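Novice: What follows is each chain in one-letter form.
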Amino acid sequence: MTFTAAQIAAMINGGVEGDENTSVGNFGKIEEAKEGQLSFLANPKYEEYLYETKASIIIINDNLELKKPVAATLIRVKDAYSAFAVLLSKYQELMQQQLKGIQEPSYIAKTATCGADIFVGAFAYIGENVSIGNGSKIHPGAYIGNNVTIGNNTTINPGVKILYNCQVGNNVTIHAGTVIGSDGFGFAPQADGTFSKVPQIGNVVIEDNVEIGANATIDRATIGSTIIHAGAKLDNLIQIAHNVEIGSSTVVAAQAGISGSTKVGKGVMIGGQVGIVGHLHIGDGAKINAQSGVSKDIDPGKAVTGSPAYDYTSALRSQALNRKLPDLEKRLKEMEQELNQLKKSHEI
Amino acid sequence: MTFTAAQIAAMINGGVEGDENTSVGNFGKIEEAKEGQLSFLANPKYEEYLYETKASIIIINDNLELKKPVAATLIRVKDAYSAFAVLLSKYQELMQQQLKGIQEPSYIAKTATCGADIFVGAFAYIGENVSIGNGSKIHPGAYIGNNVTIGNNTTINPGVKILYNCQVGNNVTIHAGTVIGSDGFGFAPQADGTFSKVPQIGNVVIEDNVEIGANATIDRATIGSTIIHAGAKLDNLIQIAHNVEIGSSTVVAAQAGISGSTKVGKGVMIGGQVGIVGHLHIGDGAKINAQSGVSKDIDPGKAVTGSPAYDYTSALRSQALNRKLPDLEKRLKEMEQELNQLKKSHEI
Amino acid sequence: MTFTAAQIAAMINGGVEGDENTSVGNFGKIEEAKEGQLSFLANPKYEEYLYETKASIIIINDNLELKKPVAATLIRVKDAYSAFAVLLSKYQELMQQQLKGIQEPSYIAKTATCGADIFVGAFAYIGENVSIGNGSKIHPGAYIGNNVTIGNNTTINPGVKILYNCQVGNNVTIHAGTVIGSDGFGFAPQADGTFSKVPQIGNVVIEDNVEIGANATIDRATIGSTIIHAGAKLDNLIQIAHNVEIGSSTVVAAQAGISGSTKVGKGVMIGGQVGIVGHLHIGDGAKINAQSGVSKDIDPGKAVTGSPAYDYTSALRSQALNRKLPDLEKRLKEMEQELNQLKKSHEI
Numbered sequence: 261m262t263f264t265a266a267q268i269a270a271m272i273n274g275g276v277e278g279d280e281n282t283s284v285g286n287f288g289k290i291e292e293a294k295e296g297q298l299s300f301l302a303n304p305k306y307e308e309y310l311y312e313t314k315a316s317i318i319i320i321n322d323n324l325e326l327k328k329p330v331a332a333t334l335i336r337v338k339d340a341y342s343a344f345a346v347l348l349s350k351y352q353e354l355m356q357q358q359l360k361g362i363q364e365p366s367y368i369a370k371t372a373t374c375g376a377d378i379f380v381g382a383f384a385y386i387g388e389n390v391s392i393g394n395g396s397k398i399h400p401g402a403y404i405g406n407n408v409t410i411g412n413n414t415t416i417n418p419g420v421k422i423l424y425n426c427q428v429g430n431n432v433t434i435h436a437g438t439v440i441g442s443d444g445f446g447f448a449p450q451a452d453g454t455f456s457k458v459p460q461i462g463n464v465v466i467e468d469n470v471e472i473g474a475n476a477t478i479d480r481a482t483i484g485s486t487i488i489h490a491g492a493k494l495d496n497l498i499q500i501a502h503n504v505e506i507g508s509s510t511v512v513a514a515q516a517g518i519s520g521s522t523k524v525g526k527g528v529m530i531g532g533q534v535g536i537v538g539h540l541h542i543g544d545g546a547k548i549n550a551q552s553g554v555s556k557d558i559d560p561g562k563a564v565t566g567s568p569a570y571d572y573t574s575a576l577r578s579q580a581l582n583r584k585l586p587d588l589e590k591r592l593k594e595m596e597q598e599l600n601q602l603k604k605s606h607e608i
Numbered sequence: 261m262t263f264t265a266a267q268i269a270a271m272i273n274g275g276v277e278g279d280e281n282t283s284v285g286n287f288g289k290i291e292e293a294k295e296g297q298l299s300f301l302a303n304p305k306y307e308e309y310l311y312e313t314k315a316s317i318i319i320i321n322d323n324l325e326l327k328k329p330v331a332a333t334l335i336r337v338k339d340a341y342s343a344f345a346v347l348l349s350k351y352q353e354l355m356q357q358q359l360k361g362i363q364e365p366s367y368i369a370k371t372a373t374c375g376a377d378i379f380v381g382a383f384a385y386i387g388e389n390v391s392i393g394n395g396s397k398i399h400p401g402a403y404i405g406n407n408v409t410i411g412n413n414t415t416i417n418p419g420v421k422i423l424y425n426c427q428v429g430n431n432v433t434i435h436a437g438t439v440i441g442s443d444g445f446g447f448a449p450q451a452d453g454t455f456s457k458v459p460q461i462g463n464v465v466i467e468d469n470v471e472i473g474a475n476a477t478i479d480r481a482t483i484g485s486t487i488i489h490a491g492a493k494l495d496n497l498i499q500i501a502h503n504v505e506i507g508s509s510t511v512v513a514a515q516a517g518i519s520g521s522t523k524v525g526k527g528v529m530i531g532g533q534v535g536i537v538g539h540l541h542i543g544d545g546a547k548i549n550a551q552s553g554v555s556k557d558i559d560p561g562k563a564v565t566g567s568p569a570y571d572y573t574s575a576l577r578s579q580a581l582n583r584k585l586p587d588l589e590k591r592l593k594e595m596e597q598e599l600n601q602l603k604k605s606h607e608i
Numbered sequence: 261m262t263f264t265a266a267q268i269a270a271m272i273n274g275g276v277e278g279d280e281n282t283s284v285g286n287f288g289k290i291e292e293a294k295e296g297q298l299s300f301l302a303n304p305k306y307e308e309y310l311y312e313t314k315a316s317i318i319i320i321n322d323n324l325e326l327k328k329p330v331a332a333t334l335i336r337v338k339d340a341y342s343a344f345a346v347l348l349s350k351y352q353e354l355m356q357q358q359l360k361g362i363q364e365p366s367y368i369a370k371t372a373t374c375g376a377d378i379f380v381g382a383f384a385y386i387g388e389n390v391s392i393g394n395g396s397k398i399h400p401g402a403y404i405g406n407n408v409t410i411g412n413n414t415t416i417n418p419g420v421k422i423l424y425n426c427q428v429g430n431n432v433t434i435h436a437g438t439v440i441g442s443d444g445f446g447f448a449p450q451a452d453g454t455f456s457k458v459p460q461i462g463n464v465v466i467e468d469n470v471e472i473g474a475n476a477t478i479d480r481a482t483i484g485s486t487i488i489h490a491g492a493k494l495d496n497l498i499q500i501a502h503n504v505e506i507g508s509s510t511v512v513a514a515q516a517g518i519s520g521s522t523k524v525g526k527g528v529m530i531g532g533q534v535g536i537v538g539h540l541h542i543g544d545g546a547k548i549n550a551q552s553g554v555s556k557d558i559d560p561g562k563a564v565t566g567s568p569a570y571d572y573t574s575a576l577r578s579q580a581l582n583r584k585l586p587d588l589e590k591r592l593k594e595m596e597q598e599l600n601q602l603k604k605s606h607e608i
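Heads up: the protein sequence lines correspond to chains R, B and P, in order.
Per our numbering: the first sequence = residues 261 to 608.
Per our numbering: the second sequence = residues 261 to 608.
Per our numbering: the third sequence = residues 261 to 608.
Keep in mind the hints are simulated off the structure, nothing from the lab.
It should be emphasised that the depicted structure is a prediction, and the values quoted were computed from it without experimental measurement.
Where hints are given, some of them may not hold.
Remember, identical chains collapse to one label, so a pair may be satisfied in a single copy or spanning two.
[What the hints assert, rightly or not] Result set (DSSO-like, lysine-lysine): computed pairs, CA atoms no more than 27 Å apart in a straight line:
(1) Lys457 x Lys350
(2) Lys338 x Lys314
(3) Lys305 x Lys547
(4) Lys360 x Lys370
(5) Lys603 x Lys593
(6) Lys314 x Lys294
(7) Lys305 x Lys370
(8) Lys603 x Lys590
(9) Lys523 x Lys457
(10) Lys593 x Lys562
(11) Lys338 x Lys523
(12) Lys604 x Lys590
(13) Lys305 x Lys523
(14) Lys603 x Lys305
So that you can see chain R by itself, here it is in the shape it has in the complex (with noise of 0.2 Å):
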């Protein structure tokens, strides 16, 4: 199955520049990619690949002006990422075997509500009052607690486990091996230095379009519900604690937790490995570098780094003179010396 560059830019809405009858049949990445497949450039980093790769066809954006020529054919579009990824769309449903059914053994509670076309693997566990929309796929070896509610085209993959009362909507997607619903971290101190459960009878909701990584953790509230808004983006290995709320479109890098109550908001980018302490609000929009550990509130289309993380900026300069401390202890050092000797002099 191969397809020219006058039928992928058809596809794509895009311009052909070079041969429209080149053909690929395949895909490849620009740096290692062979005759007969499709790249694309997007990561200015990259672009010396673009004068050297083998690859048929490239997709890169409209306003990038070559510094050499290039040997394949090209085709411009808007944003090169956004279309290859619809390409990939395209080949990635011709290629899915459309899974379908109920393997066995399996076990579905007789009070579980199932949807149409749904399909459910071995070892796939669906309890009490589950209900389970039309087109879901509940992956083999996965875990649906009692009064779990998941709605429609939502895929579980392989080992998921989620919680009693939890909520799932639409169009989300949950990788392998991630807990929904564990207990929030709630002890209370008792007088003889021991820890006393509070109990956790909240749930956590998940709405629609929602993609959580692999063997990641959200925790229930302890009342009420944690939230995953719309289309919140999650990667491997976060933590979510109990009654947090993450806001729409908000996107959160791998191994990145967020403590007890704290809300953020719609828009926020947070990069991996972050730490959020409990009981803040994170404004619309913020960004949060790597590695930065946040103990108070930021104000909305902020930027933090360091830990603690402070404005973006401010963060960077005190970094680089950090690394410059040695010579600044130097600097001081020759300036007392010659201070002492001022002085001295100034006395005879």
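Model the placement of chains B and P on the given structure of chain R, informed by the hints.
Specialist: Just chains B and P, lined up with the frame of chain R:
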């Protein structure tokens, strides 16, 4: 099912302020509670909500002085958080369906010994010579390896893996997806640059009343035991390496990691994303701030922060000055210029 | 079953100091060993225990000079840690029950090909067109997706998930709960602030002799392969993003995370909780200290620390001065005052 303020006060040994006959049937967080709900206030940060909430009854601390009139009926107790936790527990007991019996299909080796009133979920695996005490619950998809012992009234949540030879005490809760007894990370470097595995023949011992979060990992000892002492509370995604010891009633927040052979004392507080290198001693009652990197022993009762971590108060001072580095450098530069002028004028 | 010092020395090519007929039947850590146990000393930090231990035989390094008399029989070898590891391996082989055969219920697709002497545990899932080599062990509850290939003598521990199209070599060990082949975290930002998923159609390739810890995550490539080269050792809870390459015999400690498309060389040491941003090159033999945040390429053999990370020795100097910032500021202030006085006296 509703309760009056008088009935609730009797359960938690509190004093009512307001109408004793006010009744509630449900719980709510103070900032979002509705009429007919019971709430509490413990964190002074949320005091403003006390004067605005629609909750019908609120549990507060004995010593809280009201700044404005409160519409709700109040119940004063010594420790509002603990009192509320007690009520949540009673509620949870009433609500919880008592799980008992063996779901099919499950795998229970013939040499395994099971106590009275246990629950074994579908797809749970119980290996050779396993012993499980009375009233314990092995949820669906959990894996209990050969020769593991589990005490009474212990809860092993869905998909937990407890590997061979490990020991788990009474009233322990292990949350979904956690792995107990994976191999320690021990490799002997070889002359050719490769690594040779050091077999890990020890085990993990988890004492009574321990709670461990979701998707955490606790490695078995190389020889001897990795030990989690009684009453310790460990959060999600924490990593405990081989031969580590965690003292009684020590609390470890999410995503913290403790390297091989480190001994952590009793009543220690370890913040989220903390890292501790191997072979250290952390004294009883020490406090380690979130994201700290601990590379030296810590004396009992001491508080540390930073990466590398040191004395909490000193570190805060340095952090504050670090933000002022651009200003310090400016002052240094100005002085250099003034000093040069002085020297020149002196020469003249 | 006991062995004499002479017999043990013969196995590890060592020299006996003391009674050749001393015998042991068991292993113990030097600080807690009892009579009749074999121990070792490799870390000089523990030398004091050598003079106090109750172990009957101790393996030590050739070049260790004794400071006091030792009660135990000593066996001197070139590398005590490696020699001890060899003995542990022999012990483990003797003890380990040879797992073979297929436990029921398990799910093995008819199109799967299984080698000789393999073990498939209960509730394990083996998908379409899977190929498993001789002597490999698929433990209970493991999930092997469609078209996955697994080599010879490889161990897939309980609850591991290996998703479709991934490749695993010979003598590989993957610990419990780990996910191989989850989708890379790729989303194209849209004009309306939402994100559109970029399909991830590549796979993960794990070469021979790799070991991967528990509850780790390794994402499949967007296109092409995420590759873990031969002999690399990865610890628990690590995150490897899409299209990353990890070089041969590179070691990655627990909770470290490596972002998309970064290439890590051979023999690199990556400390615990390290974060590395995407699209970097980490040279062969580089050393990255625990908790470092790497945002730039690292030259071969270089050591770095800090967040952001830079040259190890320089960073340590800056860290030391950072602690002295309160002192530096005090000196700066004193000089300002003296300078002002000097200026005044000069004016007069």
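Novice: State the violated hints by number, sorted upward, taking the hints as numbered earlier in the document.
Specialist: Numbers 7, 10, 11, 14 - these are the hints that the structure violates, sorted from lowest upward.
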